[in-house]
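Under the working numbering, the residues of the sequence shown are numbered 740 to 800, in order.
Take these hints with a grain of salt, some might be off.
Think about it this way: if two alpha-carbon atoms lie no more than 16 Å apart in a straight line, the pair counts; the simulated EDC-like pairs of lysine to aspartate or glutamate are [what the hints assert, rightly or not]: (1) K788 with E744; (2) K783 with E744; (3) K782 with D740; (4) K782 with E744; (5) K783 with D740.
Each pair of labels, with its calculated beta carbon distance range [unchecked claim]: (6) R741 with T768: 13 to 21 Å; (7) R797 with Q755: 27 to 35 Å; (8) V792 with G766: 12 to 20 Å.
By construction, these hints were calculated from the structure, which means they are not laboratory data. Beta carbons: idealized from backbone N, C-alpha and C, even for Gly.
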Amino acid sequence: DRLYELLNYIIPLYAQEGRSYLTIGVGCTGGRHRSPALIEEIKKFFKNKKIAVMAVHRDLG
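Can you make the complete structure from the sequences, with help from the hints?
Rendered as structure tokens:
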């Protein structure tokens, strides 16, 4: 929930500043590889707000 609060706070600020994109990076430690699932949830959040979104998953294998 706090992540969504943060995104709801910063998205309008980025728009007010005229920024055309926001880059979010998420990494994993400890071999759990939860970041792809988190990124997919963030992607859904943006899509539900009708905001164009692109997700790139590195180092999956």
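Going down the list of hints, with the structure as the test:
For the given pair, K788 sits about 13 Å from E744 by alpha-carbon distance, which is consistent with the 16 Å threshold. Proposed proximity of K783 and E744 is supported: the alpha carbons are some 15 Å apart, at most 16 Å. Annotation: proposed proximity of K782 to D740 holds, straight-line Cα distance about 15 Å (limit 16 Å). At roughly 15 Å between alpha-carbon atoms, K782 and E744 fall within 16 Å of each other, so this suggested pair holds.
About 14 Å separates the Cα atoms of K783 and D740, which keeps this hinted pair within 16 Å; it holds. In this structure the supplied range 13 to 21 Å holds for R741 paired with T768, their Cβ-Cβ distance being about 20 Å. Checked against the hint of 27 to 35 Å, the pair R797 and Q755 passes, with Cβ atoms roughly 31 Å apart. Separated by about 19 Å at the C-beta atoms, V792 and G766 satisfy the suggested range of 12 to 20 Å.
When each numbered hint is compared with the structure, no violation occurs for any of them.
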